[in-house]
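Asker: Residues per chain, in single letters:
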Amino acid sequence: MTELPLSFNDRLLTLAVAAIEHGSAAPAAATAPPADHAAVAAAIASGGDSETKLVVRARRMAVAPSANEALLRSLSIGRLVAAGLLLAALLLGWFTAQAVLGTTDRARPVNVYWLLGGVLLPQTAILVVWLLLATLGPPGVQAISIGGALRAFLARTMSLWMGREPAAAGASTALAIAHGRGPLLRWTLATLTHGAWTAFNLGCLIGVLAVLLLEQHLFCWESTLLSPEHMEGLTRAIAWLPEQLGFPTPSAAMIAASRLDPAHADRFAAQTGDVGAAWSGLLIGSVLVYGLLPRAALLIFSRARLSRARRRYRLDVEHPLLAPAMSSLTPAHGAATPRAGTAWRDLTRETPIASAGSGVGPIVLAGIELPTPAAGWPPIGVPELVDLGRIESREDRATALAMLRDMTQGPRRLVVVVSLASTPDRGLGHCLTELAHAARAPVNVILTGGQACRQRGDTASVSQRIEDWRTLATRAGVTSTSVVELDLDLLTATTSAQLRELLAGTRVPSDERAVEPAVSTERHLEAAFGIIEQHAASWTVAPGLAQQAELSRQIAALYGGPLRNRSGGRGPAAGSAAGPTANHGDRFARTVRSLGIDRPITLAEVLSSAKSSADRMTRYLPVSFRSTPRWIAAGAVAGALGCVAAATLAAPVAIAAMPMWTGVGAAIGAFTSISRELSSSRGGRVPTETPAAHDERVGIAQAVRAAALWAIVLEFQGRGETTIARLLEGAFAEPDPLELQIERARRVGGDSGDALAGDVELDCRPEEVHRALEEVRHRLDLTLIEIGRSANEGAPSA
Amino acid sequence: MSELLRIAVVGHTNTGKTSLLRTLARDVAFGEVSNRPSTTRGVTEIGLLVDGQDVVRFADTPGLEDSIGLLELLDRLRDRSSARAPGGSGDASRLDGPAQIEAFLKSPEATARFAPEAMALRALLECDAGIYVIDSRDRVLPKHRDELEVLSRTGRPIVPLLNFIAAADPQGGGSNVLAWRDTLSRINLHAVVEFDTVVFDQEGETRLFQKLQTLLDRHRQALERLIVDRRMRQERLRRSAVALVARLLADAATAVEIADRPERSAIEAAETRLRDRIRSMESRAVRDLLALFQFLPSDCVAADLPLVDGAWGLDLFSPAELKRQGLGAGGGAAAGAAAGAVIDLAVGGMSLGAAAGLGALVGATLGGLGVSGRRLVRRARGGNELRVGDATLRILGRRELELVRALLRRGHASVEPVRVGSGDGASRSSVSDRGSSTRPTDPRRDDPVINEAIAALRRDLLPDESASPTSWQPAPVVFGGRETTIEEAARFLDAAIR
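The listed protein sequences correspond, in order, to chains A and B.
The opening position of the first sequence corresponds to residue 1 in the working numbering, with each subsequent residue numbered one higher.
The opening position of the second sequence corresponds to residue 799 in the working numbering, with each subsequent residue numbered one higher.
These aren't lab readings, by the way, just hints derived from the structure by calculation.
The C-beta atom is built at its ideal place from N, Cα and C for all residues, glycine as well.
Certain hints may be false.
Just some of the chain A residues that point at chain B, by a computed CB distance under 8 Å [claimed, not checked]: (1) G180; (2) R181; (3) P183; (4) P331; (5) E369; (6) E392.
Required output: the full structure, derived from the provided sequences and hints.
Answerer: Written as structure tokens, this is what we have:
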């Protein structure tokens, strides 16, 4: 089995297998051959450490044989190339020796020191420099050596020779990784370097020997500066070591005799053969002792170290290449095993209650696990309504059931309110069933809190939640059309009218879809946008509140209806159009009246509730709006907040069919700026979310945006909050149409186009406004189509 | 070795029990997760392994839905039993908690109305302890108290776990956590764990196991092994991930595309090829990173890498040019200098008569240093080499480091994919699946570290034109020490992630 200790080749194999796996296109475990699964199993069973497991696995993988073969091949190629390099070094040495010795004119004597220097000095100097750099220099330097160059040459030649198939590439990768760092790298480089130099020196030696054996040379030395004594000392020093090994070396006399000195030419010519032999001995001895032997020793040393490094090489289990293998070998978890025991079936539908009911009697209201709605509890005051309260605990349930049973006159309807934030579980279902049984009357279920859920999560999951509630109600015996989504946190006139009908029993509306709101079939949007463009073209400077108010009024006039009736055709902007000279109190009162709020409100009441309702309303704003300062600055939000502040005091909402989070741009802006002025004059604190209210003048783009918002809201009033929310988000989603147009225009016109926020908003050209509004209409149409499509598919989207 | 520790994961329906086990087991495919009630319909066991051995086995149970009704039933069973033995025996025959549960499990309701609850309780009885999972965004309701009462009657130690702690709704979530802690401590459950299955926190996981240790002293050692193993895994993951990023940067830094002719069209074509190569390198790296963390390829959505500039016509013989490109001394510069010096030696200096030998030496050196004859010829003909500029490398580094960070914090129960590169090279990873995302952090915060890594890579690695464009293998022309250099770069990057 695998009790054998792991060898270096095993580790190389592991790396190669991992590289091949990585190189293959898709890491699909499903298509892996069965051998691979068995490999993993065997590896885990082997029970060794991580490295052992990796090796065991690698050995048994399907690609292992080809990887092995590739590695062996690469090794043999490597040996060949290395041998070639050594041979080249040998020849280089030979040629160097030849060049140094042989090129000299036969007649001329050979200058010994040129010879020695030429052969020995460069390599010694290089060695010393390299040693210094290797020990003291930065890490990359060690690669910039002869050894590094040789290694690079070796690697390149090998991989070119081996080719590009996966197995060969894997083997190359494995070798590169293993030899790319640490002791293996160091000693590989060292071995190559010293091997090359050894071969070089050997070649030199052989070359020198050959020349000296076969040719007759005279040796000399010359120097202008150095005296014979110096030379003698130097030579004797150099000759000491070769002498120990038995080489003949020149004596002092011979040294003196060898001086090439025109004054003593005769002495030189009288050299005997012994002198030549001695000098030759010195030469050969020096090359051997100072050239070959050190390098050979270093070579042997490096080779030994290399073997040691190979033995001690350990796989880096954190290496990214090995990570997939590691994760299959050391899984974090076992297999998921289902336990015996059958899954239960959902209970079938309970017998439906006799739906007729008594037909007379009070209407009963109950909430189950309901947080207090924004509209309070009970949500609207209706006489004769029996309120069972909000049921949460066992005791609450018992009390409610008791109340139901003890009623002298059985209820004619039971209205149950639940929150969409609660998961419709069987406990709630059971409670609902019990209440329904005790009431013995038709049941209506109201699902509240939908808007908050949609803001938090995606709409699809909320739709699914509504479906789940319908299913739960059905099981409790409630007909599915009696389940209505009605957000008690965001009551509008329409929805509160529906609620009133439910609780007062005037009419039984079914699901919102069936209700036909007073939707105007005429489309005034184009006309409204036309009016906006006209006004925008006429504004030469940033429009003030009065101008914005006039624009809003004209748009409102298009849509007629309740707004026109309310204040005799002048619309809600009437209040702010009164002019700056009207005193604050008058203006305030007028604005309040124009909003349709009949009872007198003091500013203090407004301010005190403004903050809390502002906070609450901000949560319900479409997320994208709330996070863009642009919208806040446009005054629409400011208007909404002010509007809401007023409206919540006069609950239910007085502005017909308009969602709570939009407002009458300029008028409400005026409203809040009035309130700000008043409060600051009284030293009170003002709601802070209205930076635009500081500046009476807003940029043209801001004003256009606010007016477009107003027009869209009027156009689609009555369609329901969610639809309008979707439309607005679709129309004004990033990238903002106005900004887009302006940017485009600027770019075409060659403007620098940065710092959009400031200048652009103020200085918006009519064509840009036109195109932006076109874009808005286009997006609206797309969103309408989408809404229509999802409505047809039956999803309760709107 | 002590016997296997078994823990049941119980709680109200839709509180994230299956998600919890997905995150603990690091498995995106465990069980089924949805927003609907009764998603889990059976008991599934999964064991956490250390060194291939089961250390803890968790049992995923169906959610408790009707605890109010169940508690009523249990009380009835208890009262019935005490009614049956009136008189002196009194309390002795009154069923205690576990006996009530046993009686319930034998009753007909256990297979009908309360089948899921029966399954969950049976699983809990067979385990050593239970983790009670709470959705910390829910209000504390009487039904939860009843649930805890039912669970306490099993007699098993319970560790409450407040889930979705990171998605605290600013309005309600924060105060709900306090309410939960208060409720739990009133019934003497003080060892509460805060967790989030979507935003993974190593410390939170450790604390969960530590709290289990305090309750189950017999299994202290096994849990200790688990804690240590988990920490080590996370460390290893981090290091491997960083090594991957370093590798990607090295490959990108050495990628070279050739334009054979000096015309604009050739250069643009080379630029396109280079861009495609870098992009495919990045997408491969992203896939590898996801696989490393055991996520799915669909768990990351990466925007296109914006290539800011490519360095052109790198003149290896001009140290000034190299310096401008940030190469400094070493690597290419040394190559140029060395080549120049050697040539000087051969031509000028000492006429050692060894010009031939030196010439050969020069050839070998040049071949190794990457200055091939081919390259010289190309330059002579006016061709150009394109390399990736430092700005692009920096963007790559930033993106991948952000991705690694996001993956280290991603729980395996997450559904939203990580988004990389939306914007100016920064990535926004959503903290929770509920849509609230972290503010995008300054994309430049990693720059010092990335710059050092790039400097190390540029210094020690040479461009290589023959590297395969799509595979991840290191280039065949390896100048030696590539692994060392990559290690060094990885060390820099690791410092940023820690």
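Asker: Against chain B, is R181/A within 8 Å by beta-carbon distance?
Answerer: 4 Å, holds
Asker: Does the interface hint hold: is E392/A within less than 8 Å of chain B, judged Cβ to Cβ?
Answerer: 5 Å, holds
Asker: Taking the least C-beta to C-beta distance, is E369/A closer than 8 Å to chain B?
Answerer: This hint holds: E369/A lies near chain B, its Cβ roughly 6 Å from the closest one there, short of 8 Å.
Asker: Should the hint that P183/A touches chain B count as held when the rule is a Cβ pair under 8 Å?
Answerer: 11 Å, violated
Asker: Grab the minimum C-beta distance from P331/A to chain B and call the hint holds if it beats 8 Å, violated otherwise.
Answerer: At about 6 Å, which falls below the 8 Å cut-off, the nearest Cβ of chain B leaves the hint on P331/A intact, so it holds.
Asker: If you take the shortest Cβ to Cβ gap from G180/A to chain B, is it below 8 Å?
Answerer: 3 Å, holds
Of the hints listed earlier, the one the structure fails to meet is number 3.
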